[in-house]
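A.B. asks: Single-letter residue listing:
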Amino acid sequence: MKSEHLAGPAIETAGLVKTFGDNRAVDGVDLRIEAGTVYGLLGPNGAGKTTTVRMLATLLRPDGGEAHVFGHDVVREADAVRSRVSLTGQYASVDEDLTGTENLVLLARLTGHSKKASYDRAAQLLDAFGLSDAAGRQVKNYSGGMRRRIDIAASILNTPDLLFLDEPTTGLDPRSRNQVWEIVRAVVAQGTTVLLTTQYLDEADQLASRIAVIDKGKVIAEGTKGELKASVGAGAVHVRLRDAHRRPEAERLLRQTLDADVQLEADPVALTARVGNGVANGHGASEKASRALAELAHAGITVDNFSLGQPSLDEVFLALTGSTTEQEQAKEATA
Amino acid sequence: MSTATPTTETKETGELAPVRTESLAELLVSRERPPRPNALRTSLTFGWRAMLKIKHVPEQLFDVTAFPIMMVLMYTYLFGGALAGSPSEYIQYLLPGILVMSVTMITMYTGLAVNIDIEKGVFDRFRSLPIWRPSTMVGYLLGDALRYTIASIVMLTVGLIMGFRPDGGFSGVVAGVALLIVFCFAFSWVWTMFGLLLRTEKAVMSVSMMVLFPLTFLSDIFVRPETMPGWLQAFVNNNPVTHVASAVRDLMAGSWPGEGIAWSLGWAGLFVAVFGPVTMRLYNRK
Chain A
1 MKSEHLAGPA IETAGLVKTF GDNRAVDGVD LRIEAGTVYG LLGPNGAGKT TTVRMLATLL
61 RPDGGEAHVF GHDVVREADA VRSRVSLTGQ YASVDEDLTG TENLVLLARL TGHSKKASYD
121 RAAQLLDAFG LSDAAGRQVK NYSGGMRRRI DIAASILNTP DLLFLDEPTT GLDPRSRNQV
181 WEIVRAVVAQ GTTVLLTTQY LDEADQLASR IAVIDKGKVI AEGTKGELKA SVGAGAVHVR
241 LRDAHRRPEA ERLLRQTLDA DVQLEADPVA LTARVGNGVA NGHGASEKAS RALAELAHAG
301 ITVDNFSLGQ PSLDEVFLAL TGSTTEQEQA KEATA
Chain B
1 MSTATPTTET KETGELAPVR TESLAELLVS RERPPRPNAL RTSLTFGWRA MLKIKHVPEQ
61 LFDVTAFPIM MVLMYTYLFG GALAGSPSEY IQYLLPGILV MSVTMITMYT GLAVNIDIEK
121 GVFDRFRSLP IWRPSTMVGY LLGDALRYTI ASIVMLTVGL IMGFRPDGGF SGVVAGVALL
181 IVFCFAFSWV WTMFGLLLRT EKAVMSVSMM VLFPLTFLSD IFVRPETMPG WLQAFVNNNP
241 VTHVASAVRD LMAGSWPGEG IAWSLGWAGL FVAVFGPVTM RLYNRK
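One line per chain: the protein sequences are A and B, in this order. According to UniProt numbering, the stretch in the first sequence is residues 1 to 335, in order. According to UniProt numbering, the stretch in the second sequence is residues 1 to 286, in order.
Hints are computed from structural coordinates only; laboratory data are not their basis. One or more hints might be untrue.
Quick list of simulated restraints, FRET-style, between CB atoms [as the list claims (entries may be wrong)]:
1. B/Ala25 <-> A/Glu34: 17 to 23 Å
2. A/Thr19 <-> B/Leu78: 52 to 58 Å
3. A/Glu227 <-> B/Arg33: 35 to 41 Å
4. A/Val75 <-> B/Ala262: 39 to 45 Å
5. B/Phe217 <-> A/Asp22: 27 to 33 Å
6. B/Ser255 <-> A/Asp133: 58 to 64 Å
7. A/Asp133 <-> B/Phe217: 38 to 44 Å
8. A/Val75 <-> B/Gly169: 53 to 59 Å
9. A/Asn23 <-> B/Arg41: 38 to 44 Å
Idealized CB from N, CA, C, for every residue including glycine.
Build the full structure now, drawing on both the sequences and the hints.
C.D. replies: Right under this line is the structure:
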C-alpha cells in the first residue's frame with residue numbers, strides 16, 4: 001500500500017451510481033483526478049455534485065460502481081480514506097453553538113493532538129484566517145464570510161491530502177468570495193488536491209485546471225478549460241477603436257465580413273463579435289477575423305487593440321446543457 | 001497566481017481582518033498527523049462538546065431542573081393524602097420512584113438532540129473523521145449523564161426539604177443515583193436510534209411519549225402492584241422501570257437489593273447490546 005501523497009491519481013471512480021427512490025442522483029460517473037490539482041465539478045443545482053462528493057468523502061454508500069481515493073476503496077477502506085481527506089460542506093460544517101476556538105480545539109483533540117498542541121494550532125489558524133478577534137464568539141454570530149473561513153480552517157487543521165470544497169462561495173459577497181479563492185490557492189500551493197463543486201462558471205474558471213460538467217447525474221463534458229471552450233466554438237473577436245465616432249461604421253463592416261452578431265460594449269470604442277455562432281467547431285475563425293481587420297484598415301478605421309478570445313465557460317455550459325435538453329425534447333417528440 | 005503575497009490590499013471590510021496567506025502556508029507545510037486517538041479519548045472529547053453546549057445554552061437545563069421539581073411537588077401532594085395518609089409519609093415511598101420516572105423521561109431529549117444535530121453540517125465533519133465511530137453518540141450520552149446527575153441532585157434536594165429521610169443515608173442515596181444513571185445511559189440508546197431513524201423532531205417526540213408513558217406509569221412507582229389486576233401485574237413486575245425503581249428505593253432505604261440490581265444492570269446491558277449496534281448502523285448509513 002502506497003502512502004506518499006503524490007502517487008497515482010487522487011480520485012478514480014468508475015460507473016459511480018447513487019439512487020434516492022426513483023431519482024438516479026448520480027448516474028454512472030467516471031472521474032480521474034490527478035493528485036496536486038484543482039478539479040472543478042460544475043453543474044446546476046440538483047445535478048448530483050454534492051451526492052458525488054459525499055460518496056467520495058465516505059459519507060454516503062454508492063449503490064453501484066467503484067470509487068477509490070488515493071487507491072483506497074471508499075467503502076471497504078473508509079477509515080484509510082478518512083485519514084487523508086477533509087470536507088467543507090455546503091452548509092457550515094462546524095458547531096454553531098461553540099466558539100471558533102472551541103470548534104478547532106474539538107477537531108484537533110479528535111485527531112489526536114494534545115491539549116496544548118490543540119490550543120496552539122487553533123490560535124495559529126484563527127490568526128492566519130484573520131479570526132483572532134472572533135475566536136471567543138459563538139459561530140452562530142459569525143458573518144457568512146467568517147463562517148466559511150472557520151469552516152475551511154477546520155478542514156485544514158491537519159493538512160489534508162485531498163480537500164473537498166462543496167460550493168465554497170455560494171451565498172458570499174464578491175469580496176468574501178475572492179478571499180476564499182485566495183485561501184484555496186494557498187492550500188493548493190502546498191500540494192493538497194482539491195475537488196471543488198460549484199455552480200459558478202467563473203469560479204471553476206478561476207481555480208480549476210480540469211473541469212467536469214455534470215448534469216442530471218451524468219458527466220456531459222470533461223477536460224481542461226481550453227478543451228471545453230474549444231469544443232464549443234472559436235469564441236469572440238474583441239476590437240477597440242481609436243475614435244468612438246467611427247464605431248457605427250466599424251459595426252456594419254464587422255457584421256458583413258464576419259456574418260455574426262456584433263455587440264456594442266459599454267465602452268464607446270469597444271465592439272465584440274461572436275464568431276462561429278457558439279456551436280460551430282471554430283474552423284476558419286482566425287482567417288475570418290483577419291479579413292475583418294483588413295476591411296477595417298481599408299476603410300481607414302484605426303484599431304488600437306484586437307483579440308480573438310475563447311468563449312466563456314458560460315457559453316460552454318449553455319451549449320452543453322442546452323443541447324442535452326434539445327435531445328431529450330426530440331426524444332419525447334418521437335416517443 | 002500570487003499565493004505567496006499577502007492579501008492585505010484592497011478587500012478589507014471594517015470588521016474582518018485579512019487572511020494571511022504566508023502564515024497559512026507555514027501552517028500547511030507539516031503533513032504529519034499525530035497518532036490516532038483511542039476510543040475513550042474521542043468519546044470524552046465529544047462529552048466535552050456536550051458540556052460546552054450546556055455552558056453556551058444553559059436554557060437547556062430547564063428540563064432537568066424545573067420539570068423534576070414539578071414532578072415531585074405535583075405527585076406528592078396530589079396522591080400523598082389518598083395513598084399513604086399524608087404527603088410526608090408518601091414521599092418516603094414515592095421519591096426514589098419519581099426520581100427514576102423523571103430521569104427516565106429526560107432521556108428522550110437525547111433523541112431530540114441527535115435528531116436536530118444530524119441535519120447540521122457538523123455531523124458530516126464528525127462522520128468523515130477517522131475515529132471510533134460510536135464516540136459521537138457516546139459523547140452525547142456522557143453529556144446527558146451530567147444532566148441526569150443534575151436532575152437527581154435537584155429532586156433529592158427538593159425531597160429533603162419536603163421531608164424525605166432516606167434510611168440508607170448518603171451512601172445509599174449515591175448508590176441509588178449511580179444505578180439510575182447507569183440504567184439511563186444504557187436506555188438512551190433507544191433514543192439515539194429513534195433520533196437517527198425518524199425524520200422530524202416531532203416524530204421523535206411522539207414516539208418517545210408513546211414509549212415512556214406506559215413504561216413509567218405502568219410500574220411500581222406510584223403504588224405497589226399488589227392491588228392491580230393480574231394481567232397488569234404481569235407487565236408491571238417485568239417492566240425494567242419497576243426493576244430499577246425498586247432497586248433504587250431499596251438502596252436509598254439502606255438495604256442491598258442484589259436481585260433488583262442484577263435485573264437493572266441486565267436490562268441496561270440488553271439495551272446497549274440491541275440498540276447500540278442498531279444506532280451505529282443507522283449512523284453509518286445516514
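A.B. asks: Now, for every hint given, state plainly whether the structure supports it.
C.D. replies: We went through each hint and held it up to the structure:
1. B/Ala25 <-> A/Glu34: 17 to 23 Å: holds (22 Å)
2. A/Thr19 <-> B/Leu78: 52 to 58 Å: holds (55 Å)
3. A/Glu227 <-> B/Arg33: 35 to 41 Å: Cβ of A/Glu227 to Cβ of B/Arg33: about 37 Å, so the range 35 to 41 Å holds.
4. A/Val75 <-> B/Ala262: 39 to 45 Å: For A/Val75 and B/Ala262 the Cβ distance comes to about 42 Å; the hint holds.
5. B/Phe217 <-> A/Asp22: 27 to 33 Å: violated (44 Å)
6. B/Ser255 <-> A/Asp133: 58 to 64 Å: holds (60 Å)
7. A/Asp133 <-> B/Phe217: 38 to 44 Å: Since the Cβ atoms of A/Asp133 and B/Phe217 sit about 53 Å apart, the hinted range of 38 to 44 Å is violated.
8. A/Val75 <-> B/Gly169: 53 to 59 Å: Given a distance of about 56 Å, which is inside 53 to 59 Å, the answer is holds.
9. A/Asn23 <-> B/Arg41: 38 to 44 Å: holds (41 Å)
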